[in-house]
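As they're listed, the protein sequences go chains A and B. The opening residue of the first sequence carries number 1 in the UniProt record's numbering; numbering runs sequentially from there. The opening residue of the second sequence carries number 1 in the UniProt record's numbering; numbering runs sequentially from there.
If you are wondering where the hints come from, they were derived from the structure by calculation, not from laboratory data. Accuracy of the hints is not assured; some may be wrong.
Note that the list lumps identical chains together, so a pair holds whenever it fits in one copy or between two copies.
[Claimed, not checked] Restricting the straight-line Cα-Cα distance to at most 25 Å, the calculated cross-link-like pairs of lysine-lysine (DSS-like) are:
id, residue 1, residue 2
1, K43, K96
2, K66, K43
3, K25, K66
Protein chains: 2
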Amino acid sequence: MKTKLKTTPENRFTEEQNQIALFAKALGHPARVKILQYLFETKSCVCGDIVDEIGLAQSTISQHLKELKKTGLIQGTVEGTSVCYCINNESWTKMKDLLVEFFDQDLIKTDCC
Amino acid sequence: MKTKLKTTPENRFTEEQNQIALFAKALGHPARVKILQYLFETKSCVCGDIVDEIGLAQSTISQHLKELKKTGLIQGTVEGTSVCYCINNESWTKMKDLLVEFFDQDLIKTDCC
DNA sequence: ATAATTAATCGTAATTTTACGATTGATATG
DNA sequence: CATATCAATCGTAAAATTACGATTAATTAT
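Work out the full structure: start from the sequences and follow the hints.
Printed below as a string of structure tokens:
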């Protein structure tokens, strides 16, 4: 039988390529960039403060936070009725190392066209 | 009454935040990560070779190349009937600098939660 | 216990992304 | 010229993203 199977073999991309893309995707929205910057520059990382700071609806911010949590870049701890978010330094470093290594490809490469 | 000043989408994010997100978004798909790696590691950066290398449809690769071109990370030069793609080193460096600076926020940062 | 506060989730709509096949336009080659 | 080749674009469909208001769950305060 002629199998026009659904493509997308999981060996199409390496785990590293997928990881790089995943981290990059997490940074691929200005709101998330701003959230991360805010979490770095302030100690009060309560969700409500983030909502005020960014200027998007509370539910939207929650979605972005969820996205960042998914990659492990941030983590939240319940504090009474609010939730305190902060950078997960381990994940941040992991992302940093992975992406910087990716960026530094150009140090090996010479000219092309 | 507390009047929540509505920020317009234009000044909601800084130009830097938008730039970071834009570059990150470009890297936010494993196919584009792989394309960039391929362009670095080989001298033959012809579109057809990229299609063979990645294993996606030609039109899909074209779309990804367009996306990368949009950010300026790559450029293509027509060579006869084919097109030779290569990294735009200036843009690559610009992205590198911008993102590495963003990554290095953690060097200033103390602990949070 | 009741009310208030906070953040997650739900439901939904608009937009964007991703993928493919088909077509088109450009350039070689016969 | 006719034809083959290559890559961009078109048309389209499925999936994901982004945004919002409304609701819910959990906790704190009255």
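Hint-by-hint comparison with the structure:
1. K43 / K96: within (22 Å within a copy, 28 Å between copies)
2. K66 / K43: within (20 Å within a copy, 41 Å between copies)
3. K25 / K66: Both, since 13 Å and 18 Å are each at most 25 Å.
This entry satisfies every hint, going by the numbered hints stated previously.
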